[in-house]
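Respectively, the protein sequence lines represent chains Z and X.
Sequential numbering from 1 applies to the first sequence in our numbering.
Sequential numbering from 1 applies to the second sequence in our numbering.
Because the hints were derived from the structure by calculation, they are not lab data.
Treat each hint with caution, since some may be false.
Some but not every residue of chain X turned toward chain Z, in silico, with C-beta under 10 Å [said to hold, decoys possible]:
| no. | residue |
| --- | --- |
| 1 | 12 |
| 2 | 32 |
| 3 | 81 |
| 4 | 85 |
| 5 | 107 |
| 6 | 114 |
From the three backbone atoms N, C-alpha and C, an ideal C-beta is built for every residue, glycine too.
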Amino acid sequence: MTRLGDSSSINPEEVLLFAADAARVMLESGGETYRSEETAVVVAGALGGVEAECYATPTGVTLSFVGGDGRVHSIVRRIKRQAMHLERVALVEGIARSLVAGSMDFGAASDELGRVEALRGRGVAVSSAAAAAGAGCFTVLFGGAWNDALVAAVAGALVSRLPPAMARKQLPDFFANLVAGAAATLLCLGARRLGLATGADATVIGVLMLLVPGIAITNAIRDTIAGDLVAGVARGADAFISAAGISVGAGAAYQAWRLLGGGLF
Amino acid sequence: MRILDPAWAGLATAAFALLFNVRGKDLPLAAIGGALGWAAAAPLQAATGSQEVAYCAASVLIGIWAELVSAVRKRPAAVYIACGIIPLVPGSGMYYTMLEYVKGNSSKGLETGFATLQIAGAIAIGLALSGAASRLLSLRRIAGRIREPKA
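Extracted from the complex, chain X is given alone in its bound form (with noise of 0.2 Å):
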């Protein structure tokens, strides 16, 4: 991984946050969470060998500081975890996949839009999990700890 590479997914995030309307401080709170999930999955990815599984991790971390964030400002998580999954989502499978179908490999096609599907099954299904596991180890508990020191 280039060391920039978290930066440019971050601003690649805070460019789609504007684009979904995201307004205030949520826009730099977005931005981070894309840079966090893209900073997780590359070298994961590297380390494993797997695309699925560093996708699903870095899914989980953005999942769990969308929880964090959405219970510090009281927001919807969605606000953060639609912006911070954009740097993993497949864009780049669904367009080799049409390649591949230009060129003729049809074969080639198929796989290669079964692994974007992967793809977004894996950022699913670390969403799905960190949405559990806040709701366990009561994020929102400790969330609520931060924002109110004293309570």
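Chain Z on its own, in the form it takes in the complex (with noise of 0.2 Å):
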């Protein structure tokens, strides 16, 4: 905030936008509120902004500052989408070390920004590999058989392309999570029938471990704890309402399983 010699010649307009979108970067990115916070005031700092102050929650943030040329200045950054994208978090962490250290310049940090903003997240090969191993694994932490962790190996794997292909279509959240529960319920039950898996509570919490907000609602604790108040009770209506979404739809598939002749206990 001293080094308003070197940092006076920047626009404090262009600070605003880069500072707040940095918060905005991480928040999508799954990075935690008060990070967030503070990732944007330190920035606005470092490049010459007085007394910045940050107001983040899970759809929006807001960052004003007293720029160099004696004006207060704000925005309004509204968040849309979120999703897990740790790397980001960790780079916009690394700009705002490297700004407040003086080892990068505005210029540089500005054009990092939008690299990192730009990276995209693994390929479908990958991601689905990875969400096989994990519904594979969690069934055989909740005690299912080998062949109870292959078949939620097959099952998560094309439970996890759902949500995604649904985004894409613009349907909400809610939907795409009762499709998803939905499927992830049949599958399972379908290859208990079949006599491919053993038992279908282990193999069905596998494939669900992909989906449920547990991270969410931990957070939205978290967040409350640490006084983001807001932020927290946003964050616990998001758990809860994903959490509503995928037992419904994992409910009525239990249910039309049932009613079909399927037998379920």
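Reconstruct the complex from the two isolated chains, following the hints.
Have a look at this one:
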């Protein structure tokens, strides 16, 4: 904040956009609320902003500071999509650190942030294989036999493709969770009926672990403990709605299976 | 606890870390966190009979591991925390809550639902404790010495 001499040449409007975007990218990639706020404040401060304040929730970022020109600048950034991309969180924090340490200038940092935002997730092959491995391991962990784990792996790979496909069709998350929950349950019950899996419980849990918002529930409570009350409650509501979607889907699939004479318990 | 369970937990964590776009050396480091957490949680649950206590203690361990690795690697602890708690987060609790409602046992479902929330709370408290502890004990300084022994 004292380095006004070398940073006063930077347009405060650009700093505002950059700092808010850094916080937005962090939140969109699964970073914690307090860390996103801290990043925006620290970046704005390093680039000549005084009295920077940032207010972040899972659905938006507000940032304001007093620029080198003595005027108050503020911006609102809305967050619409969220997908875990922890490499992005790490890289954005790296940019903030370099800016504060003075080892990176504003232009380079801007380019780097653009590059980080353009980073893609893993391809279909890798993420399907990871989903298969995750579902299989959890089935073993929850007491399933090896054939249950294999069924869970195949079902997991298939089910993990559903939410991204539905997101491309602009369907809301709730609907994607509902269909994925139903598909996971039906695949596992069907496999048991065909004699491929011995128990349904461990198999279904293994697959559903890919969908259930366990991390979201935990992060909701963590935000609330950290004092970010609005963000915490918002994350809680988000987790509740996804859980409801999965449960309604899985529950409906169970009921349909029972009505069609598949046998349940 | 079966002897191989922490390995399965570690593998599951690695798979989720892949899905969360964790890269390079961070992948095995994140997976170790998940394996550590499960290795602590399962015997503690057997010893104390309380899932909440066991998961809270395991989360403290995961949190400390994450803070140490984050200080050595100079990357945010969130990377290792989000992956490490994966085996503990109450996915199965949510499944059983749903199953009880489908069976028509709504009071049992309510009970399971609250237990699920308690587990999420226990994990969050464990992480808050380890975060506070690492600040109090200056874990970052200790890790800094690991990183640069001469300094």
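Q: Would you list, in rising numerical order, the hints stated earlier that this structure does not obey?
A: The structure breaks hints 2, 5, 6; every other hint is satisfied.
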